[in-house]
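Please construct the entire structure, taking both the sequences and the accompanying hints into account.
Chains A and B, in that order, give the protein sequences. Every position in the first sequence, counted from 1, becomes a number in this note's numbering once 14 is added. Every position in the second sequence, counted from 1, becomes a number in this note's numbering once 642 is added.
Any given hint could be a false lead.
As the list claims (entries may be wrong) - Stretch-level coverage of chain A by chain B, calculated; a stretch enters the list once three of its residues show a Cβ under 8 Å from a Cβ in chain B: (1) 18-27; (2) 40-46.
What the hints assert, rightly or not - A few chain A residues that don't get close to chain B, going by computed Cβ distances all over 12 Å: (3) GLY49; (4) LEU59; (5) VAL142; (6) LYS150; (7) ASP160; (8) TYR208; (9) ALA227; (10) LYS231; (11) TRP248; (12) PRO253.
Hint data in this document are derived by calculation from the structure and do not stem from the laboratory. All values derive from a computational prediction rather than experimental measurement. We treat Cβ as the ideally placed atom computed from N, Cα and C, and that holds for glycine.
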Amino acid sequence: MKRFPNQIIRLIIPFVIIIAGLLIAKKFLVPASFGKLGHFRADALGEAMSKPIHYVGQQACADCHDEIVKKKAASYHKGVACEVCHGPGSAHVDSPTENKPPAPRDRGFCPVCHSYNPSRPTGFPQIVTVTHNPGKACISCHNAHDPVPPHAPEQCGACHGDIARTKMASPHVDVPCTVCHETPTEHRMNPRMYVPTIPANREFCGKCHAKDAQSAKEIPRIDMGTHGERYVCWECHYPHLPQVYNGAAK
Amino acid sequence: MESLNERLMSALQQVSGYIYPNEIELHWSLLIVIYPFITGLVAGAFILASLEKVFNVKELTPTYRFALLTALSFLFVAPLPLLAHLGHPLRSYEIFFTPNLSSAMAAFGFVYAWYLMAVLLLEVWFEFRKDLILWAREERGLIKWIHRALALFSTDVSEEAVRFDEKAAKIITVIGIPSAFLLHGYVGFIFGSIKANPWWSSVLIPIVFLASAIVSGIALVLILYTIVTLLRSEKIDMKCLDRLVEFLFYAVIIDFSLEVLDFIHRLYQSEDSIKILSQMVCNKLFVSLVIMQVLLGTVLPAIFLVFFRYSRFPEELRRLAYFISALLIEMGIFCTRWNVVIGGQLFSKSFRGLTVFKVEITGFEGILMSLALLALPFIILFVVLKILPPWRISSLPVDKN
Chain A
15 MKRFPNQIIR LIIPFVIIIA GLLIAKKFLV PASFGKLGHF RADALGEAMS
65 KPIHYVGQQA CADCHDEIVK KKAASYHKGV ACEVCHGPGS AHVDSPTENK
115 PPAPRDRGFC PVCHSYNPSR PTGFPQIVTV THNPGKACIS CHNAHDPVPP
165 HAPEQCGACH GDIARTKMAS PHVDVPCTVC HETPTEHRMN PRMYVPTIPA
215 NREFCGKCHA KDAQSAKEIP RIDMGTHGER YVCWECHYPH LPQVYNGAAK
Chain B
643 MESLNERLMS ALQQVSGYIY PNEIELHWSL LIVIYPFITG LVAGAFILAS
693 LEKVFNVKEL TPTYRFALLT ALSFLFVAPL PLLAHLGHPL RSYEIFFTPN
743 LSSAMAAFGF VYAWYLMAVL LLEVWFEFRK DLILWAREER GLIKWIHRAL
793 ALFSTDVSEE AVRFDEKAAK IITVIGIPSA FLLHGYVGFI FGSIKANPWW
843 SSVLIPIVFL ASAIVSGIAL VLILYTIVTL LRSEKIDMKC LDRLVEFLFY
893 AVIIDFSLEV LDFIHRLYQS EDSIKILSQM VCNKLFVSLV IMQVLLGTVL
943 PAIFLVFFRY SRFPEELRRL AYFISALLIE MGIFCTRWNV VIGGQLFSKS
993 FRGLTVFKVE ITGFEGILMS LALLALPFII LFVVLKILPP WRISSLPVDK
1043 N
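Written as structure tokens, this is what we have:
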């Protein structure tokens, strides 16, 4: 008859000791409230709730700074919370005169949102910080709670910086924006209410580029009947950088 | 407030395009590069060892025990990068005590424990038990007691017991192969299952990880075998080395084709992330991916291996060429891990911008720590080889029953 191999017994002993040790340790080490509400220590909720509050939200400010809150709510900064600029306000709300929140009065802060960056959405007000009235604090011309430019920007590039800069380096550099976009003057004050037009069809570009167009001689001509078939031109040419065909430079 | 703003501004200087605020700084650092690198070495070395045991590749016998001990030494270190990265090593027991079944990451403790306790330690124990007992019989002093304790004070070296050891080792190897696949496939799964990251999210990743693990494991054993044999002033078994090189070459080819397949797959699918990914590969990862991983770490050594394997150069030259190729391959695999881990965090999940990775020198996740962690397995291996010299054959015979 075969013996039960001795080495198996030798192995089982340490394994049993380890597993038993772990089971006993588990009893002592897993907190009592673990698993009551989910895969966490239920007591942690109470501990988290007893932690000091730092941010109080915009409503809290309204009790005392009613005017500013109202003003801001009607301004372009309506989506920017007070504490974004003034920091956590809890201590200030508790004792207003002792803990005064800081205010970002220098030029460093506003460009966090407003410095030019091509990936910001179309129309988002942006500036090139180094050239935009350098040396002066932003708040000397713009009210942070109701930011409007001192006068409406004359140039489309103030808000459409990316497009303006792109067009600047394209063959269309001398074609003004307004040739292709009929822009109501109100668009510069209130861009979302008064929207400029956008060319609607192939014939629009044909006004300058068709074989029989009445336009300057050096403008390259195409056969409107065959070129690009029936697609609108901007399927293939980005109108603000027309030498780019479908993304690839010629 | 000012200093926060200044910090943000200086960080933004290194960023191109648009990225989300929490992407400026990379959260998975150098240590997380080392973690899959080391686990890969473990799995690879083990799979090499099992070639001899299960598939009876006789030429590889000289490296069998050696590969096992290499895998063991590296396995001891495998969790350390994670512990250092998480920064709370004293809490690590919690993943055993409060198992979270819905978290793949939390499964690591169990995958690791299974592989260490149920596979590697057991296999090493059965493999060395007979020798431990026989060595202890002819020794005295401390080492005798160490060997006796390691044999768990068993004394039975009858032929029947030794046969049982062999059978047990073989069964464990058979269980061990899928376990090794599981260990490293699991590491790949951790990355491959992250839907939100197109650089990682791919069902191929666990398989690519496995293939590269096998490559790195074989190369490591080749390097260590060469060095240790030379240090012992023994003759290198050239048949064994040639066979190792053949397997290494096959593994490199499989690994490379899988990577290329993954690459073509991405190109052809051309999802919305492809633009930013190709930008990243062409700029930020060009050196580490195209030059170091593909050219220096794969193509060049693969050519070297075939050329020298089938040429008639003198043995010393061939050995040198093998050795250098294996080093290059090891560097290439390290870059593979780097490109996966760091690459996956360099691009914004908005697909509109790239950030940079700045390596620290000191600090918990810095270069010094990483070098220490990479050196540790070699030190452990040195000690293990002192206690369990794989080449030592006892002069005493096995008991007859």
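Hint check:
1. 18-27: holds (count 6)
2. 40-46: holds (count 3)
3. GLY49: Given a closest Cβ separation of 8 Å, the condition is violated.
4. LEU59: 17 Å, holds
5. VAL142: Per Cβ check, VAL142/A is outside 12 Å of chain B; nearest 15 Å; holds.
6. LYS150: 19 Å, holds
7. ASP160: 22 Å, holds
8. TYR208: At roughly 28 Å from the nearest Cβ of chain B, TYR208/A sits farther out than 12 Å, so the non-interface label holds.
9. ALA227: Label holds. Min Cβ-Cβ 36 Å, cutoff 12 Å.
10. LYS231: For LYS231/A, whose nearest Cβ neighbour in chain B is about 39 Å away, the distance exceeds 12 Å, so it holds.
11. TRP248: Non-interface label stands for TRP248/A: nearest chain B Cβ at 20 Å, farther than 12 Å.
12. PRO253: Non-interface label stands for PRO253/A: nearest chain B Cβ at 21 Å, farther than 12 Å.
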